[in-house]
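Engineer: Start from the sequences and build out the full structure, keeping to the hints where you can.
There are 2 protein chains.
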Amino acid sequence: LADGRIIRTSRRARKSAAGYDLTRLFVGSEGTLGIITAAVLKLFPKPRTSATAFAAIADVGAAVALLSELRQALGDRLTGFELISAECIAVTRRAFPAMPDPLPGHAWYVLVHADDPAAQSALSEQLQGALAEAIERGTARDATIARSESQAAELWALRESIPDAQRRAGHNIKHDISLPVSSIPAFLTQAKRALDAALPGVGYVTFGHLGDGNLHYNLVPAPDGQGDAFAAATAQANRIVYDLVARCGGSFSAEHGIGQLKRDELVRYRQPVEIDLMQRIKRALDPDGLLNPGKVL
Amino acid sequence: LADGRIIRTSRRARKSAAGYDLTRLFVGSEGTLGIITAAVLKLFPKPRTSATAFAAIADVGAAVALLSELRQALGDRLTGFELISAECIAVTRRAFPAMPDPLPGHAWYVLVHADDPAAQSALSEQLQGALAEAIERGTARDATIARSESQAAELWALRESIPDAQRRAGHNIKHDISLPVSSIPAFLTQAKRALDAALPGVGYVTFGHLGDGNLHYNLVPAPDGQGDAFAAATAQANRIVYDLVARCGGSFSAEHGIGQLKRDELVRYRQPVEIDLMQRIKRALDPDGLLNPGKVL
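Going down the list, the protein sequences come from chains A and B.
Residues in the first sequence are numbered from -2 upward in steps of one, following the numbering used here.
Residues in the second sequence are numbered from -2 upward in steps of one, following the numbering used here.
Please note that the accuracy of each hint is not assured.
One copy or any two copies: either way a pair holds, since identical chains are not told apart in the list.
Said to hold, decoys possible - With a cut-off of at most 20 angstroms between alpha-carbon atoms, the simulated SDA-like pairs for lysine to any residue come out as follows:
id	residue 1	residue 2
1	Lys171	Ser82
2	Lys292	Ser65
3	Lys279	Ile4
4	Lys12	Glu262
Note that these hints are calculated values from the structure, not bench results.
Structural biologist: Below is the structure:
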C-alpha cells in the first residue's frame, strides 16, 4: 500500500463473502491504489482435444449469428471467436507475404477455436457439423477446419500478426472498445458512415474478440493520405468512435486501461459521480498521491 | 448512494478497463456502501440436454478425485457436484420419509449434474462412461443415472431438503465455509478430531458445493445431548472450525456474508490492514454511517 503496509486480499479458497471485495478493487487500478506483488491462480485441466476453423461470412451481423449458433452447439467449449476483416488479411499479407489467405474473396472472416478437456471427444466433428449447418442456413459462406496442429498454428499466426503488420504499415488510429455483442453490427455501420464523412478515404482494420464484444477498431489513412494530416485527426476520430460507443452502452477501454492517454475520456464517458467515487477511494487509500501519479485519475 | 446520488457502475458491454471496478465493490457490501437498484445480466442459452447422477464414494478424498475425473471428462459442462454425507440422508429421511435412499450403505455420496446447450449431445452417455471408469478405477463405489426428468428431480429434492430437515431436527450449529478443494479431506479429519474431543457425541451433517470448495458443515447434538448445553457450545465450536478454516486458507463465510452475526469473525480472521481499508472505504462513501448501520464493519 502507499503507506508501506502489505495487505493480503485473497486466500486460496475460491469463494468468499467476508467483507468488501478488495481484490477486485486493486485489479484494474493500474498501480494507483497499491502494487500487486502476488496472485493466487485457479488452474484448470489442460485441454486434450482442440479444433480450429476459419469461416467466411457475409457481414458482421452474420458473425454475431454464427457466434450464437456455435455457442448453442459447443457451449463453453467454444473458447475463441475472432472477427477478422478482409482488410486485416490484406494488411498482414503485405507485411508478411508467407501468411495464408485461407478463403479468399470474402469481406469478413472468423477464426474459431474450441477446446475439450476430454481425450476422446467428438469436438472436431461437432464443430465441423455446426459449420456445415451454418453454411446450409446461410450464416456462413464457407469454412475450413485445420487438419493438423501446424495448420491451426498458421491460422492463429495470421490473427496474431495483425497488430505487428499494422505497425509496419505506418500510422494508424487505434481503438480498444467493447460493445454489447448484439449492437456491434449497427455500431460498425454508423461509425463507418460518420468516419467516411469526416476522414474521406479512411481505411478500417477491424478485428477482435467477438465473444467478449471487444473490437480492435483501427483506422488507417487513405492510400494517398498525408501521414501528418491523418495523425492530426486522431482526436476527431476518437470523439466520433467513443461517442458512438457510449451511446451503444459500450466502453472506450475494453482491456488496455486508462494510463495517461485516456484520462480525458474517463472524465467524458463516466458519470461525474463515478469519477467522484474513484477519487474518494484513491484519497482514502493513498492520501498523499504517491502511487503512480498522473495515471487514471 | 448515502448522499442520495444515483450511480450507474455497469454498462451493457461485458468487458471494460475504464477506471476502478465499482460494480464489484458494491457487490457483497451488504447495503453498507449503497443500495443496488438495478442489475445488468448476461444470458446464456438454456441447456437442451441434461444428465443427473448419484454416486457413492468411500470418503471425501475420493469425492475430490471424482470431481477432477469428471471435470476432465466433461469440462465446464459439469455444472453440479454436491457432496452429501450418509448422515444428511438419514436426517432428511427422518423428516421426509418419502425421500429416496438411492444407494444405501455408504458413508458419502455426490449428486452430479451436467448440462449441454446442444440438443443432440452424448452428454448422458459420457457421464455414464466416466462414472463406469471411476467405479473400475475405485474412485466411486457405485453410481446410478437418473432415467427421467422426474428421477432427476427426486435426487435434487433429496439434496434441497437437507436444510429444512435439519431445522426440524432441532438446534444445530451451522457453518458456511469455503476451503481450497484439495484441503477439504484433511480439514474434515482434523475438524472431527477436535470437535469430537470438545463436544463428545456430536454429529456431523456435511454437504455442499464441492466444486466451489463450499461446505455447509453443520453440527448436531449427540442423541442424548442437552439442547441448551449444545447451543451454549456454539462459540466454542465456531472457534474450532473457523480457526482451522483459516489455517487451511479458507473463508469463514463462503456465500452468506457477515451481517451482524459474523462481525467478530471478520475482525479475527481478516488482517487489521484489511479491516482498516474496508473502514476507510466505508467512510469515503458513507461518512455519516447512514447505510445499513451495525452491519459488516
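Engineer: Please go over all the hints and tell whether each is borne out by the structure.
Structural biologist: Hints, one by one, checked against the model:
With identical chains, the CA atoms of Lys171 and Ser82 are at most 20 angstroms apart within one copy only, with a shortest distance of 15 angstroms there and 57 angstroms across copies. Taking the closest pair of Cα atoms, Lys292 and Ser65 never come within 20 angstroms of each other, the shortest separation being 38 angstroms inside a single copy and 43 angstroms across copies. With identical chains, the CA atoms of Lys279 and Ile4 are at most 20 angstroms apart both within one copy (16 angstroms) and between copies (18 angstroms). When the C-alpha separation of Lys12 and Glu262 is checked against a cutoff of 20 angstroms, the pair qualifies only between copies, where the shortest distance is 17 angstroms, while the shortest distance within a copy is 34 angstroms.
Consistency note: the structure conflicts with earlier hint 2 alone.
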